[in-house]
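**Student:** Chain A is already provided as a structure; the job is to place chains B and C on it using the hints.
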Amino acid sequence: MELLDFIQRRFVMDKETVRKVAMLARLELSEDEMESFTKDLGDILGHLSMLDEVQGLEDYAFNPVEVSDVLRDDEPHQEIDPEELLRDMDTYEDYVRGPRLS
Amino acid sequence: MKIGLEIHVQLPTRSKMFCPCPTDAGTPNSAICPTCLGMPGARPSLNRAALEMGLRLAKLFQCQVPERTWFSRKTYFYPDLAKHFQVTQYENPVGEHGLFDFRGKPIRIRRVHLEEDPGRIRRVGRPGEEMSLVDYNRSGIPLVEIVTEPDLSNPAEARQFLSDMLTEIRHTIGLTDDGEQSVRVDCNISVGEERVEVKNVTGLKNMERALKFELVRQTKMLRSKKPVLRETRRFDEERKVTLPARKKEFEEDYGYIGEPDLGVYNIRAMADALDEVETPLNRAKRLCDQYGIAEGTSRQLVNTSMDLCDLFEEMATASDPKTALFLVTDVISSYWARLSDDLDLGTRGKMIDTASRYGKGEINDIEARSILRGLIAPDDSVGTEKGEGTQALDDAIEAVLSSNPGIFDDYVKNERAANRLIGEVIGRTRGAYSSKEIVDRVKERLQRGP
Amino acid sequence: MSEDISDRIRALNDIYGMFYSISDTDIGKHAFHFSAKDNLATKDHPTTAGSRILSGYRPPFDAAPVESLRRAGGALLGKTSMDEFGFGTFSVNSAFEVPRNPYDIERSCGGSSGGAACAASLISGHLALGVSTGGSISCPAAFCGVYGFTPTYGRVSRHGLLDYGNSLDKVGMLSADCSLIGEMFPLIAGDDPRDPTSCGHPEMRDMDMPTRVGVPRDSVEELPAGLRQTFDSALEVLKEELGMEVETLEMPMFRYAQPAYYIIATSEASTNLARYGGMRYGARGESLDSHFDRYFTDVRSEYLGAEAKRRVLLGTFTRMVGLRDRYYIKALQVRHGVISEYKRAYQKVDAIITPTMPFTAPRFNEVAGMSALEIYLADHLTIPPNLAGMPHLSMPCGYVEGMPVGMQMVGDHWEESMLLKAGEAWERVFERQDPEAMV
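Residue numbers (this note's numbering), protein chains in the order written: chain A, 4 to 105; chain B, 1226 to 1675; chain C, 103 to 541.
FYI, nobody ran anything at the bench for these hints, they're computed from the structure.
No incorrect hints appear here.
DSBU-like cross-link-like pairs, simulated, lysine-lysine; straight-line CA separation at most 35 Å: (1) B/Lys1424 x A/Lys18; (2) C/Lys445 x B/Lys1299; (3) B/Lys1424 x B/Lys1284; (4) A/Lys18 x B/Lys1299.
From the structure, some residues in chain C lie toward chain B, with a derived Cβ separation under 7 Å: (5) Leu264; (6) Asp297; (7) Pro298.
All C-beta atoms in this analysis are idealised placements derived from N, C-alpha and C, irrespective of residue type, glycine included.
For reference, chain A alone in the conformation it holds in the complex:
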């Protein structure tokens, strides 16, 4: 319900929307940032809406040139010593330390 409501209001870039998107992106915005981003994103979305004029295009690809069937053989190898990769990481008994889960 909440999501549906959100989608219906999608043309409006208001603080509530910015706050929600920021939460998804794991960003916490100051009051100033909230003000300026709401305005900027509103302007930008207004500009992006010109894409609604374009109709009848169906084909698309994720790359601008054809990239197809590039596969690697199943041969294990490691180029860099794991010790070196872990060098600057915060570790405990070979594990990488992370934040709390709860």
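**Tutor:** Frame of chain A, contents of chains B and C only:
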């Protein structure tokens, strides 16, 4: 009651899905590279074997394989997910709209897709304030996810279905473990209208328990006219209960986009080029039909090994199905696990020849057994000749005698009664003694009387 | 190569701020020297892509183009400053050094490869590795009066490039000397299995410079008079001295390239930047003793700059469920349409020419007064080829009030050699004015 499953199985490739790190590492964080650590500037490259295994499974489940497939990024933040997005499939997965013939009942397969496993988290610290310790060895291990439609109707059926499915999967992609430990399942279960998802249940047993628990819980709720909430739950393996998963403060949105670092794969052509192999369950069916053997026996055969089935079929051709089945189930199958790898062609030929001679009556059952055992477990007789002692053999004989006290009387009436005892002792001692030794010892024992 | 080159570079850097970090190695012994934009991973230099969130990060490997140039005997002079993750048009969005224009230090170098263009302009015989997503090579090349070459998408391995938009990012070269680019570019081109998008493409083939070029009508409208005049004179030189035919083209899809670009670029960027959460590299949070959502949010909110946040928000929004078809998928369809329009044009002409930027390098105070949207709109000439993955070359073509003007030539996919030939021919007929370095 309706049950739908999302089944995750790790694919047995030698290297990871998107980087060449090995998949068999032990020490935490020893099979890692910039790609599976999500380091800036490192990119994925797809393992051909992983894609092929995905396609074999899509074909196994009679899926429609699209002309082209690609990967997508599923973005969410969790400490085990190196890039904070998982490379998975969204549109055009390797297979869609498939079917699994579960003992005559069609179970629809919604989709089969490939994705990377996140790292493994070890939780340390007091419950409620657990720190995460991450091992990225698992990060990037290839997974296949198979999603069924809600066509299963009870927990036992779901378990049996998954067990059958795993039999087929194991054979199709060369999985060596039985899946009991490694298969991870998300279960969707609805007794009434509302659907409940139990996430990330490991193994068949736990899945059945989780489903049973939900069946009882939801039924009780409905009986007492309480609403069943549409929610995500988790299964607590210790307490064997499902619990509501911790509510997020807001709805996550994975914001799928295409993975631009990999390009597309023309998989229809690749899938067509893969050779068709008879699956274990199809073979079990065929063995029933073709050789007239019982369904349970044929399933047992295919479950033991498809190679053993080959041997059975060759023996059946050289003699007759009954003879072949007797020799395979009575003698060979108990040794199979340790010999299947190094069964050379010569030995194989001799085994088939033995079946043929036994079939024609040139040798009797004891002789046939003895010859076969000599062929497949020659080391054992060597071992006993060195005088390792016969204590274990005597113990086995006494054990069989104690459960067959009438055998002394039978033996007095007819010496052939010894064969029953011999057969059981052979089974118990698993090739540790030569057949001559067993036959002599058993006869000697029977002659001594109770 | 002079022995005190690194002293000179340090002195230049004090004024112009083009380097984020400078090598101590003795470059005198090497065949040639080059610089790398700071979003290219280097083992012996910190690599931050202009972001505080990567402070202190030392990659365990070299980016493929850096590796290739080193292997060919090149010495890396240093890492050039840039807009954070490439997010900008004026190089003012760097968390560190903001490069200053060689022709007027009160003005911007352009962006996001501003440091690269500045280095190319001020250090003679210098080759700068730059990266373009939406014009980040062309724009600073034009503002700093150097040649800026952006190859076809996929021509150069992106292994070791810190991503902005993976379907748009291209590693290219900037130099005051176009023939140096022509000589060095093949070293970094070609298949690299570590970047699948670089594999399986047509080889570089030797081509002549274009004989027929087209100018999209919309691209020259509304240009400031001085710039228009300079561009028109340059077209005359192409006709008179290089014998090219010039015609006017209608490219109606181009006006949609910009919105499509910002959607694709930010959608991809917002997923690329998700990984920066303070766990394994770069900036760390205060204490791991907080819930992971809190931890990641704190690190990201503190260490990402304003423009990075703006683009992450925009990109996260445009790929949300329910919006993705309207924005993200639509943008991909428009890209496809723009590529088709290019392909149709290339049946009539060999290359397409426009001014590179619709104005010369602005003053920093002018940049500060521009809104986010105004800045986005400034890229409207460089975005179409970048969106479409078409190779392009920005060439210095004149000066307005002492500030350089660039013209941009765009070829069809994989026709790099045609553009480089044109650049080398142009170099023979156009007299570049070196900036007067204040050192």
